Structures are given as C-alpha cells and as structure tokens.
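Chains as they are written, first to last, in numbering that gives the first Met the number 0: chain A, 0 to 174; chain B, 0 to 250.
None of these hints come from the bench; they were simulated from the model. Treat the hints with care, since some could be wrong.
Said to hold, decoys possible - Taking lysine to any residue and the SDA-like style, the derived pairs with C-alpha atoms no more than 20 Å apart in a straight line are:
{"#": "1", "chain 1": "B", "residue 1": "Lys80", "chain 2": "A", "residue 2": "Arg48"}
{"#": "2", "chain 1": "B", "residue 1": "Lys59", "chain 2": "A", "residue 2": "Gly58"}
{"#": "3", "chain 1": "B", "residue 1": "Lys80", "chain 2": "A", "residue 2": "Ser42"}
{"#": "4", "chain 1": "B", "residue 1": "Lys59", "chain 2": "A", "residue 2": "Ile118"}
{"#": "5", "chain 1": "B", "residue 1": "Lys80", "chain 2": "A", "residue 2": "Gln57"}
{"#": "6", "chain 1": "B", "residue 1": "Lys80", "chain 2": "A", "residue 2": "Ile27"}
{"#": "7", "chain 1": "B", "residue 1": "Lys59", "chain 2": "A", "residue 2": "Gln104"}
{"#": "8", "chain 1": "B", "residue 1": "Lys59", "chain 2": "A", "residue 2": "Leu53"}
{"#": "9", "chain 1": "B", "residue 1": "Lys88", "chain 2": "A", "residue 2": "Thr165"}
{"#": "10", "chain 1": "B", "residue 1": "Lys59", "chain 2": "A", "residue 2": "Glu126"}
{"#": "11", "chain 1": "B", "residue 1": "Lys80", "chain 2": "A", "residue 2": "Leu53"}
{"#": "12", "chain 1": "B", "residue 1": "Lys80", "chain 2": "A", "residue 2": "Ala50"}
To be verified - Taking CB as the label site, the calculated pair distances span:
{"#": "13", "chain 1": "B", "residue 1": "Ala31", "chain 2": "A", "residue 2": "Asp63", "range": "56 to 64 Å"}
{"#": "14", "chain 1": "B", "residue 1": "Leu166", "chain 2": "A", "residue 2": "Arg56", "range": "46 to 54 Å"}
{"#": "15", "chain 1": "A", "residue 1": "Arg56", "chain 2": "B", "residue 2": "Arg163", "range": "27 to 35 Å"}
Note that this is a predicted model, so its numbers are computed, not measured. All residues carry an ideal CB built from backbone N, CA and C; glycine is no exception.
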Amino acid sequence: MATDTHSAAEASGPGMPQLDFSTWGNQIFWLVITLVVIYLILSRVALPRIASVLAERQGTITNDIAAAEDLKAKAQEAEAAYDKALIDARAEAGRIVAETKAGIQADLDKAIATADTKIAAKAAEGEKVIAEIRAGALDNVKVVAKDTAKEIVAAMGGKADAKSITAAVTARMKG
Amino acid sequence: MASEAQGVETGGLEFHPMDQFNIESLFGGPIAWYTPTNAALWMGLAILAVIGLMVLTTTKRSVVPSRGQSVAELAYGFVYKMVEDVSGKDGVVYFPYIMTLFMFIVCANFLGLIPMSFTTTSHFAVTVVLAMAVFLTVTVLGFVKNGTKFLGLFWVSSAPLALRPILAIIEVISYFVRPVSHSIRLAGNVMAGHAVIKVFAGFAAIAVVSPIAIAGIVAMYALEILVSFIQAYVFTILTCVYLKDALHPSH
Chain A
0 MATDTHSAAE ASGPGMPQLD FSTWGNQIFW LVITLVVIYL ILSRVALPRI
50 ASVLAERQGT ITNDIAAAED LKAKAQEAEA AYDKALIDAR AEAGRIVAET
100 KAGIQADLDK AIATADTKIA AKAAEGEKVI AEIRAGALDN VKVVAKDTAK
150 EIVAAMGGKA DAKSITAAVT ARMKG
Chain B
0 MASEAQGVET GGLEFHPMDQ FNIESLFGGP IAWYTPTNAA LWMGLAILAV
50 IGLMVLTTTK RSVVPSRGQS VAELAYGFVY KMVEDVSGKD GVVYFPYIMT
100 LFMFIVCANF LGLIPMSFTT TSHFAVTVVL AMAVFLTVTV LGFVKNGTKF
150 LGLFWVSSAP LALRPILAII EVISYFVRPV SHSIRLAGNV MAGHAVIKVF
200 AGFAAIAVVS PIAIAGIVAM YALEILVSFI QAYVFTILTC VYLKDALHPS
250 H
C-alpha cells in the first residue's frame, strides 16, 4: 500500500509524517472541501434548525409561564368571588333571621292583644253578672226586711199598714 | 494503519509510533493533490459524524428533546455562548464559522481515538490551514472593521510612554506567533498522545510488562478523550479571543 515516496520516507528513518511536505497539498485540498461541506451543512441545515427549536422552546416556556400566571389570577379571582359570596350569604342569613324574629314578634304581639281584649270582655261580663247578683240581693233584702218588719209589728200586736212599713224599711236601708 | 512492534524476534523492540500518521493512498499509486487518501477518508467520516450529530438527531425538531437532539443543542449552546461571551454580541455573526471549526476538530479528534483509525488533526497540514484561516480572517476583519485603529492593538496606551515602543514590538511578535502556537498546540497534543499510546502498545509485546503497558494504554486513552475535547475547546475559544481583538482592538 505504501507508495514510492512513502517507502523512501520510511527508509530514511523514523521521521515525522507530519513534516513530509509532499502530502500537504493533498491534505489541504481535502481539508478545504471538508470544511466547506461542514460549513454548508451547519449554516444551511443544522444551525437554523436548532436555533428555531430553541426559540420555539423558549416561546413555549414563556407562553406556559404566562398561562400559569393567568390561571393563578383566575384562581385568586375565584377565591375572592367565593369569599364575597360567603359574606353575602352570611348577611342574607342574618337578615332572614331578623325578619323571621320580627314576624314572630308581631304575631306574638297580635295574639297577646287579642287575648287581652278577650280577657277584658270576660272580666266585664263577670262584673256585670256580679252587679246583677248584687242588685238582686238588695231587692231580696228589702223584701225580707219588709216581711220581717211586718211580722215583728204583727207579733207586737199592732196592725201595720204595708205602706208605712215599706217607707220605714226604705228609710232604714238608705241610712 | 501502523504495524505494532513486531521486532521481538529480531532481538530487540522496534517501535513505529509515528507510522500511524502516514498518509497513504486508499487505492494505491502516488499521492497527488486530488488522490483519495486515508486523510480524505477520515475527513469524510468527520463530515458524516457532523451530519449524524447535528442534522439526523434534530430531524424531529421536538420541543422536548431526545438524547441525540439534546447533545446537538448542547454543542450549539456551548459554542454560541462561548462566541457571545468572549467575542461580544457583534461576534455572533461569525458563529457558523466558529461552529464549523469546533465541530470539525472535535469530530476528527474523537474519530482519531477509534483504534486503527487515522487522526486528521494530528497533521500540521490540517492545523496550520485552520490556524492560518483564523489568523488571516481575523487580521483582514480587524483592518476592514477598524481601519488603522486596528494597529492600536499593538500600542498599549495604558503603559508608560517610554515602554510603549518595546511593548509594541512584543505585541507584534506575539501577534504573529499566534497562528504558530494555535496550530502546533492542537496537532502536537493529539500527535503526542497517540504516539505515547503506540509506545505503550509496543511494550505490551513483552509478557512481563504487558499488564503495566495495557494499564498505561487505558490511562493514556482516558487522557486522550479529555485532550480531544479540551484541544477543540481551546482552539475554538482562542479563535473567539482573536475575533474579539479584531472587533474591539482597544486594550
């Protein structure tokens, strides 16, 4: 495989192949081709592609962070709304309790008033009956007194006319 | 590509640690400038490696990357950040060129670690072309972008006036030494590691020391994996530094 130049170089002893300038042209030629090809591959295909991937990832991350912040704000909003609803519900409940209490109080007052009037009517009726009874009792007393006075007078032997006895009883009773 | 030390029967060990760097024609015959050689073959494989790493892995363009795609993205981000950090925002325009250098060197270095392979970056012909390309581009760019102000790179205005001419001479010398050190650093590191592995392999022919030799090969191989990446990184970051000097020549 070794060429003539090589066998000559090798025969001359353990020199450095790096300093064999006869191969430099060849290496430089292929190196330039290699570098141009790699440059074209990188600048045309690989680097724009990777740059776009990185940019896209950066964009995705930024978007995701923005979305997360959005959701966080929404959650806070929802929490505030919930708190507000809770406070409103408490106020409503308080109002309902007060209303119910007032209603019950009104009913109670009404019932008490009705009961009072009924009691008053019953008391008046009772008083009337008592008054009647009392009046009846006085009449009876008059009758009994007249009769008793007539009897006493008769027993005494006198003859009492009814008119004077009645007058005397009435006078006495007035006194 | 190189024969192992097969000289035991001749009474002594014979090492051919440099044979692995021989340039050979793939189909025989003399080597002209257009002849397909093993160097050309392994450069072509480097192209395939770049395609495999950067193109085939990213065909899906998934937002959640697969393993291969995340490696490609990692390489992209690594070099992009390097260019942006070292050369500045206006250096990003030259990112594809620097990425080309990095991908070629890193792929060639790692392909060279495959046993029996040929390491293209171990040749000065390759690294000198790479370094000169950087040097000439950066110098031309410096003059085009800054005009004569680019010479301010050599005039250290923060130093005392008396020292400035001396510093200017030193700066000019160091500027022109750049491509030399830039190229020899890469090829020298890669070549030395591969040659040392071959020497260990030669010693492995002796039964008594072969365990040590093989342990040495393993250790060197691990080191070479490190070197393969670090040298590609160093070459790239130095390119970025030179580019920064061209874009912002003031000290």
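(request) Would you pick out the hints that fail for this structure and give their numbers low to high? (result) 4, 6, 7, 9, 10, 15
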